[in-house]
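Next come the chains, spelled out residue by residue.
There are 2 protein chains.
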Amino acid sequence: MPPRGFPPEEFRARTDRAQRLMAREGIDALLLTSEPDVRWFTGFLTRFWESPTRPWFVVVPAAGAPVAVIPAIGAALMAQTWVEDIRTWAAPAPEDDGVTLLADTLAELAGRQARIGLAMGRESALRMPLADYARLQSALPAAGFVDATSLLHALQQVKSEAEIGRIRTACAIAGRAFARVPGIARSGTPLETVFRRFQMLLLEEGADWVPYLAGGAAPGGYADVISPAGPRPLARGDVLMLDTGAVFDGYFCDYDRNFSLGPPAPETAAAQAVLHDATEAGLAAARPGATAADVHDAMHAVIAAAGDPGAGGRLGHGLGMRLTEWPSLTASDRTVLEPGMVLTLEPALEIGPGRMMVHEENIVIRAGAAELLSPRAPRALPELE
Amino acid sequence: MPPRGFPPEEFRARTDRAQRLMAREGIDALLLTSEPDVRWFTGFLTRFWESPTRPWFVVVPAAGAPVAVIPAIGAALMAQTWVEDIRTWAAPAPEDDGVTLLADTLAELAGRQARIGLAMGRESALRMPLADYARLQSALPAAGFVDATSLLHALQQVKSEAEIGRIRTACAIAGRAFARVPGIARSGTPLETVFRRFQMLLLEEGADWVPYLAGGAAPGGYADVISPAGPRPLARGDVLMLDTGAVFDGYFCDYDRNFSLGPPAPETAAAQAVLHDATEAGLAAARPGATAADVHDAMHAVIAAAGDPGAGGRLGHGLGMRLTEWPSLTASDRTVLEPGMVLTLEPALEIGPGRMMVHEENIVIRAGAAELLSPRAPRALPELE
Numbered sequence: 001m002p003p004r005g006f007p008p009e010e011f012r013a014r015t016d017r018a019q020r021l022m023a024r025e026g027i028d029a030l031l032l033t034s035e036p037d038v039r040w041f042t043g044f045l046t047r048f049w050e051s052p053t054r055p056w057f058v059v060v061p062a063a064g065a066p067v068a069v070i071p072a073i074g075a076a077l078m079a080q081t082w083v084e085d086i087r088t089w090a091a092p093a094p095e096d097d098g099v100t101l102l103a104d105t106l107a108e109l110a111g112r113q114a115r116i117g118l119a120m121g122r123e124s125a126l127r128m129p130l131a132d133y134a135r136l137q138s139a140l141p142a143a144g145f146v147d148a149t150s151l152l153h154a155l156q157q158v159k160s161e162a163e164i165g166r167i168r169t170a171c172a173i174a175g176r177a178f179a180r181v182p183g184i185a186r187s188g189t190p191l192e193t194v195f196r197r198f199q200m201l202l203l204e205e206g207a208d209w210v211p212y213l214a215g216g217a218a219p220g221g222y223a224d225v226i227s228p229a230g231p232r233p234l235a236r237g238d239v240l241m242l243d244t245g246a247v248f249d250g251y252f253c254d255y256d257r258n259f260s261l262g263p264p265a266p267e268t269a270a271a272q273a274v275l276h277d278a279t280e281a282g283l284a285a286a287r288p289g290a291t292a293a294d295v296h297d298a299m300h301a302v303i304a305a306a307g308d309p310g311a312g313g314r315l316g317h318g319l320g321m322r323l324t325e326w327p328s329l330t331a332s333d334r335t336v337l338e339p340g341m342v343l344t345l346e347p348a349l350e351i352g353p354g355r356m357m358v359h360e361e362n363i364v365i366r367a368g369a370a371e372l373l374s375p376r377a378p379r380a381l382p383e384l385e
Numbered sequence: 001m002p003p004r005g006f007p008p009e010e011f012r013a014r015t016d017r018a019q020r021l022m023a024r025e026g027i028d029a030l031l032l033t034s035e036p037d038v039r040w041f042t043g044f045l046t047r048f049w050e051s052p053t054r055p056w057f058v059v060v061p062a063a064g065a066p067v068a069v070i071p072a073i074g075a076a077l078m079a080q081t082w083v084e085d086i087r088t089w090a091a092p093a094p095e096d097d098g099v100t101l102l103a104d105t106l107a108e109l110a111g112r113q114a115r116i117g118l119a120m121g122r123e124s125a126l127r128m129p130l131a132d133y134a135r136l137q138s139a140l141p142a143a144g145f146v147d148a149t150s151l152l153h154a155l156q157q158v159k160s161e162a163e164i165g166r167i168r169t170a171c172a173i174a175g176r177a178f179a180r181v182p183g184i185a186r187s188g189t190p191l192e193t194v195f196r197r198f199q200m201l202l203l204e205e206g207a208d209w210v211p212y213l214a215g216g217a218a219p220g221g222y223a224d225v226i227s228p229a230g231p232r233p234l235a236r237g238d239v240l241m242l243d244t245g246a247v248f249d250g251y252f253c254d255y256d257r258n259f260s261l262g263p264p265a266p267e268t269a270a271a272q273a274v275l276h277d278a279t280e281a282g283l284a285a286a287r288p289g290a291t292a293a294d295v296h297d298a299m300h301a302v303i304a305a306a307g308d309p310g311a312g313g314r315l316g317h318g319l320g321m322r323l324t325e326w327p328s329l330t331a332s333d334r335t336v337l338e339p340g341m342v343l344t345l346e347p348a349l350e351i352g353p354g355r356m357m358v359h360e361e362n363i364v365i366r367a368g369a370a371e372l373l374s375p376r377a378p379r380a381l382p383e384l385e
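Going down the list, the protein sequences come from chains W and A.
Numbering (the numbering used here) for the first sequence: 1 to 385.
Numbering (the numbering used here) for the second sequence: 1 to 385.
So that you can see chain W by itself, here it is in the shape it has in the complex:
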């Protein structure tokens, strides 16, 4: 296992990069409210975000370290990070749940006429009550609240080697768990039992927690890929797919594996081969200077040649502190790939009405060819008893 956490120098370097972009865009302070944004700047790692009761704020000023404005219950843990200026209130406080403290902090750090950047765009959500956001705006009537989504995306989409190491570890953990699937899933095992046991394998192999598991099992292909498991037992002829986002030190893997219950039907084996080839094409295309769309197009060409011209949509995405991040591997996403970006390649193929298969691998863009972070799935479908 690699070490946990990151040295203060890494957070300082991240903050420096942010402040250079802020200066370029005329942003005087960043206001962060979401778990990954707060953690990216501070290292504050807790599962307590599962509780929706309390808002948490971090302010990144134009210069100097971030300032935490948080519920008192988090002060001890925040004090273990590199953040030194920690301002707390006794949340929940229905009359004023940190809003005045936050407004005063923003005014002190950036002035009452500051341009305050926050995530307002794609794939973001403001993690504070909308009414409190309105109160914050009223408390700082001369300030401007502007969209900093593209700035935050640019910062976070290129991972440091330390971050890549975490994702590599999460991928290796899942790889060891996938290798043990024949021991937990066979004809007659209910899918919900497979899900339960697979999560146990992920933990046993070293996952800190398992925020995501989806999949399906049905004859010759599954109908959708986001359902929870039902009680139906696996049966010969089924294709079983398990798709997991397991976490190590706050970073996700996100990939799946397919299995055949007994020997696969010819069309199932053929679909597996097409998806394998599409993934190879995506891997070959995933180089610095190519766009997200180029990688999509490379995979889509293989799928379309196999007779599924409709299979477009999103064939992969960014990966990191979130199960899914930007860019999207779609026909229209012109994000230029850079070394250090971590992506999933996720081609899908419709086999028949209500029957599909999906493959997924995790990669990091390197100066030459991309590096696989997940152990490459075999071209032939693994069989379960």
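What the hints contain is simulated information worked out from the structure, not anything from laboratory work.
For clarity, every value in this text was computed on a predicted model and none was experimentally measured.
Some chain A residues judged to face chain W by a derived CB distance under 8 Å, without partners named:
no.	residue
1	45
2	47
3	48
4	50
5	73
6	74
7	120
8	121
9	124
10	129
11	210
12	213
13	226
14	227
Backbone N, C-alpha and C fix where the C-beta goes; we use that ideal spot for every residue, glycine too.
Could you slot chain A onto chain W? The hints should help.
Frame of chain W; chain A shown alone:
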């Protein structure tokens, strides 16, 4: 294990209740964006919300069933619920990620001058990009967007017997896992190993997934209750606390247990007894007609009498589809308790600087005395080797 899911009649009854409150408040449509709000009205259950990429919308009109406005990837699963009107778009679509479809749906169902209610208040967050919310408002310039937080709170804070059954099952699962802690935790076991093994126990005992585990272990009491586990091995004299939110069929338990590594020190045993007595006092006070503050005050009196006058804060909270819900058991929360409300009782005691203990039980308010959903913790601290 109880059955999973809820019959259409339950969702129809929930929607009827909502529509009566909407009529009373002059709200023409509810706009839902969060996982629990969407699920409470529809039954749409998936872990895919872990992906922040796509927004999801449900509109509750003044009469009739809810209408789903969702990414196409969710259509097959939504079609398994009682919702029949399902409108989809191919998300992610950066130029228009469902906003026009949502605006048209709201206009069709409630008119262009509708008063549209959404959660803006305490413990809520809008799960869509802020910029898209602004676009929605621009697309419906004559509509009013109003706060429906108190309406949603009133609806969801009283659980049906079917919901209570799910929480009871989650509590029983955690109870069986807690009973097996002596088998996974002893002097020398690193805390992070205890966390990993305890999650495996929860799954083995029937949890669908484990969204929350926190805790601590330190000599004579722990410093905070939201930290992830570190590598330090348990040692004799430690107090170990594990606090879990495990899920069955989409409903949480949320309670903790304390253990002593070897015989507890006298002050540790005394603290355990005080917390046990405080919980008893909370249990006795938790009756219909009492307020959340009354229950808080009953627990706080026991803690204060034991010499910790400062221990106030939140001594419990609502529980359901979220790890933490309203009301808050604080000195100021005047919510009147009703049969069917599920609550945690969570008294805390500071033993010394940086050393505390916290107890937690889960209960449901009944016509007479409250019903314990978690198996009551013993008054004497259980010992580990």
